[in-house]
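**Q** Read off the chains here:
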Amino acid sequence: DGGITQSPKYLFRKEGQNVTLSCEQNLNHDAMYWYRQDPGQGLRLIYYSQIVNDFQKGDIAEGYSVSREKKESFPLTVTSAQKNPTAFYLCASSLSRLDGYTFGSGTRLTVV
Amino acid sequence: AQSVTQPDIHITVSEGASLELRCNYSYGATPYLFWYVQSPGQGLQLLLKYFSGDTLVQGIKGFEAEFKRSQSSFNLRKPSVHWSDAAEYFCAVVFWAGGTSYGKLTFGQGTILTVHP
Chain A
1 DGGITQSPKY LFRKEGQNVT LSCEQNLNHD AMYWYRQDPG QGLRLIYYSQ IVNDFQKGDI
61 AEGYSVSREK KESFPLTVTS AQKNPTAFYL CASSLSRLDG YTFGSGTRLT VV
Chain B
1 AQSVTQPDIH ITVSEGASLE LRCNYSYGAT PYLFWYVQSP GQGLQLLLKY FSGDTLVQGI
61 KGFEAEFKRS QSSFNLRKPS VHWSDAAEYF CAVVFWAGGT SYGKLTFGQG TILTVHP
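Heads up: the protein sequence lines correspond to chains A and B, in order.
This note's numbering numbers the first residue of the first sequence as 1 and each following residue consecutively.
This note's numbering numbers the first residue of the second sequence as 1 and each following residue consecutively.
What the hints contain is simulated information worked out from the structure, not anything from laboratory work.
Quick caveat, the model's predicted, so the values are computed rather than measured.
Be aware that one or more of the hints could be misleading.
[Said to hold, decoys possible] Below 27 angstroms or equal to it, Euclidean Cα-Cα: the simulated DSSO-like pairs (lysine-lysine) are:
id : chain 1 : residue 1 : chain 2 : residue 2
1  : A       : K57       : B       : K104
2  : B       : K104      : B       : K49
3  : A       : K9        : B       : K104
4  : B       : K49       : B       : K61
5  : A       : K9        : A       : K57
6  : B       : K49       : A       : K57
7  : A       : K71       : B       : K49
8  : A       : K57       : A       : K70
[Said to hold, decoys possible] Simulated restraints, written as ranges between beta carbons of each label pair:
id : chain 1 : residue 1 : chain 2 : residue 2 : range
9  : B       : T55       : A       : D30       : 24 to 34 angstroms
10 : B       : P40       : A       : T20       : 22 to 32 angstroms
11 : A       : R13       : B       : Q58       : 29 to 39 angstroms
12 : A       : S80       : B       : S80       : 44 to 54 angstroms
In this text, a Cβ means the ideal position worked out from N, Cα and C, and glycines have one as well.
Use the sequences and the hints to build the structure in full.
**A** Structure representation (structure tokens):
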């Protein structure tokens with residue numbers, strides 16, 4: 001079945017270390033997105049990509065980086081510059097603006 | 001500014017009771033509107049969507065939503081709530097600037113639904 005796979009489900013890192021979250025989709029969707037979710041704040045857009053080798057900053061891109069070398073993959077790197085990285089991260093993809101997004105099951109990152 | 005507001009942070013209902021979750025948006029044109037549901041520690045599942053046509057849309061799990069342009073609202077309803085409906089619900093809107101852009105999905109803050117037996 002088609003879908004979005006995020007790995008790992010739980011991730012622990014020491015403060016000051018960079019960490020990369022994986023997102024893979026087999027839906028043949030052009031657009032992919034990364035959101036951050038914190039309690040009481042809804043979902044906030046970090047980065048998005050509408051085509052391979054192109055991506056745009058979202059509302060809270062500082063301290064994060066992405067790449068889009070393949071249509072299926074959109075990894076997110078949380079760098080040491082991100083001041084408060086502990087959060088639940090959700091990856092999504094979309095076929096068009098009329099279809100809404102398909103979400104992965106998320107990665108919970110804890111930085112200690 | 002474009003925004004999405006869910007006025008109720010937490011709603012508690014009894015099983016079998018009716019439910020209405022509120023969503024308001026601020027946007028100059030007709031938006032693309034969605035409702036999602038999220039169980040704890042999980043991703044989001046699409047319940048229903050609206051972008052044109054009949055303003056009352058039906059979704060999965062017995063949910064429906066009504067678009068009211070005059071009130072800039074897209075409220076989610078269910079006639080009889082089941083215990084399994086307990087989750088967090090998000091209203092979301094694509095504010096599209098035109099052209100070939102996909103637009104970006106902007107979420108409300110979410111409403112946590114608790115269901116009492």
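**Q** Confirm or reject each hint.
**A** Status of the hints after comparison with the structure:
no., hint, in the structure
1, A/K57 / B/K104, "holds, 11 angstroms"
2, B/K104 / B/K49, "holds, 15 angstroms"
3, A/K9 / B/K104, "holds, 25 angstroms"
4, B/K49 / B/K61, "holds, 14 angstroms"
5, A/K9 / A/K57, "holds, 24 angstroms"
6, B/K49 / A/K57, "holds, 26 angstroms"
7, A/K71 / B/K49, "holds, 26 angstroms"
8, A/K57 / A/K70, "holds, 18 angstroms"
9, B/T55 / A/D30: 24 to 34 angstroms, "holds, 30 angstroms"
10, B/P40 / A/T20: 22 to 32 angstroms, "holds, 25 angstroms"
11, A/R13 / B/Q58: 29 to 39 angstroms, "violated, 44 angstroms"
12, A/S80 / B/S80: 44 to 54 angstroms, "holds, 51 angstroms"
The structure shown violates just one earlier hint, number 11.
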